[in-house]
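Colleague: Given the structure of chain A, go ahead and fit chain B onto it with the hints provided.
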Amino acid sequence: MSTSRSTGVGVVSPGRTPDFTAHLSEMGLSPAVAEEIERRIVAIETHEWQDDSRQPLSASELTGYVLVSVAACIVGLLLVIL
Amino acid sequence: MNAAPASKPSSELDNEAAFGTFPLLRHERVWSGWDYTWVNTALAIATWAFIVGGSTALLVGFQDGVAAMIIGNAIGLCFMVLASTVASQRYGSEQYTMLRGAFGVAGVAVLVFTVIVITEMGWSSLLAVMAGRASSQVIATTTSAALSQYGPAVTVGGLLSILLAWFILSRGPVTLGKFNKVIAPGLAVITVVMMVFLVSNTSVGELFSAAPLAPFDDNTLNFMVAVEFNVGVGVSWYPIMGSLARMTSSRKAAVWPAYGGLFIATLIAQTVGLASALTLGDSDPTVWMVPFGGPALGVAVLIFIAFANITSMSSIVYSTILAIRQSSGQVLSRISWKALTALFFVPPAVMTFFPQFMYEQFMVFVSVSGAFLTSICGTALADYFFVRHQRMDLRQLHLGQRGTLYSYAGGVNWAGLGAVAVGALFYLWLYNPITLEAQPVFNLVTASLPAAILSAATYLVLMRVLYRNRPMVPAETTPAKES
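Those sequence lines, one after another, are chains A and B. Read in the numbering used here, the first sequence has 134 at position 19, and its numbers run on one by one without any break. Read in the numbering used here, the second sequence has 284 at position 255, and its numbers run on one by one without any break.
Derived by calculation from the structure, the hints in this document are not laboratory data. Fair warning: this is a prediction, and the values are worked out from it, not measured in the lab. Beta carbons: idealized from backbone N, C-alpha and C, even for Gly. The reader is advised that the hints may include incorrect statements.
As the list claims (entries may be wrong) - Here's a subset of chain A near chain B, in silico, CB distances under 8 angstroms, partners left out:
id, residue
1, Leu-139
2, Met-142
3, Ile-156
4, Glu-163
5, Pro-171
Isolated chain A (complex conformation) (with noise of 0.2 angstroms):
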């Protein structure tokens, strides 16, 4: 069995994967758009997982957003009822 690595954001798996590649190309992409495709895997996994704008949505930031949706709909109400 083969084996690729995994690219959810927040877990390094540096190098490259010949298989991932090779699957590419067998499901018809040309070996320089596989190749490209696997580079720029590797540069966010080695580089960019960190990065702020790679992390997950936090609870917070979900929860204002919701509320804010909330308050708009609020005043939508507000103004039928005044």
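Modeller: Chain B only, in chain A's frame:
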């Protein structure tokens, strides 16, 4: 000539980059929050927003109409933005690739080639007809000819606008971006100008006391249908938002500008449409701009509106073509960008021959497409936040059926497609936009929100039943399927 072989991989990579094949890296995610706000403003303030406001005026007066637009857009945008932008921003990847876990490779293609393509063709047709109406009005003003609102001049103008949209699109996303940088602020100014004309030619008292144009007997039903319609409008951005959000530099730059930009810009433009429909009897600025603004200013505004519709059309078709290309696997890889965009425009071109039909069926179109899009949003949210816990595997996403995490029998995750079907059917049971039949509970909870929640719950249950022993999140080392 000797340079050709060496440049081939480079042009091939450029081509794939244009099609959104590659996950974007830090230096490529260049949109700040303000950049993305302008992009969303350019989309939201397009003239379709005037028609939405005008359609809302059929059911409710000004105050209730503004309230319905606030509530509807707040609900629709809330789950649409979460479902479309969050994953694409984090991974820098195009949104239909990110959906492979929820629907499978073939399942995504099924949705793209049905719900997404039909929805975006519908919007493109409407924009073409609106551009046609604007150009028809310009001709009528400059030549003093009596032209019908839905006559042949509208069709010719619509066809020309499609041709121009295709031309802009064929030049690539950079050209499109340049146009949007001019169009967005221009439309914002024009919307304010139109509001000034409206207020100066009518009165605030008249506006607030104006009766809705064609309401039902039940006032609560009128309000809830207006809310539901606006939820559908908010959700209708789903097909294109993820592909745009991957360009943003942070979560804040993606989520808030998507929500706030669309919400505020849409609301302003819709309010103009609502006010003009209630006081003048027509929401379409192409009808009343010349009488109010005079020939010179009126024609100038109409030309700008026509052009704005063309760039809006180019923007939504750009994102849709990315979706088509990404979800077709290698099937469409041999078709050039220009040919693919030209093919997409064929049905909208046909629809320009039926301009009146497009206008009259607008509410039905938005609501029916909303039934499916809300269910897709519910399913996508459940998958990303509750099943995957915001952790996806880029390699596995690209491997698709050759990987393990997002590979399903026949390429279809039946839990995802089943959840969408259940959600959409539930929506249509709660509120049928074609027959206008509604269940009593619709007056309390609308149809979109319950449909999205039901599709999410159905998805979670089906995933538990159908794929109980399957890993859902990437491990540090994930075995790949043997070829």
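Colleague: Determine for every hint whether it applies to the structure shown.
Modeller: Each hint, compared with the structure:
| no. | hint | verdict |
| --- | --- | --- |
| 1 | Leu-139 | holds (7 angstroms) |
| 2 | Met-142 | holds (6 angstroms) |
| 3 | Ile-156 | holds (5 angstroms) |
| 4 | Glu-163 | holds (5 angstroms) |
| 5 | Pro-171 | holds (4 angstroms) |
In summary, the structure agrees with every hint in the numbered list given earlier.
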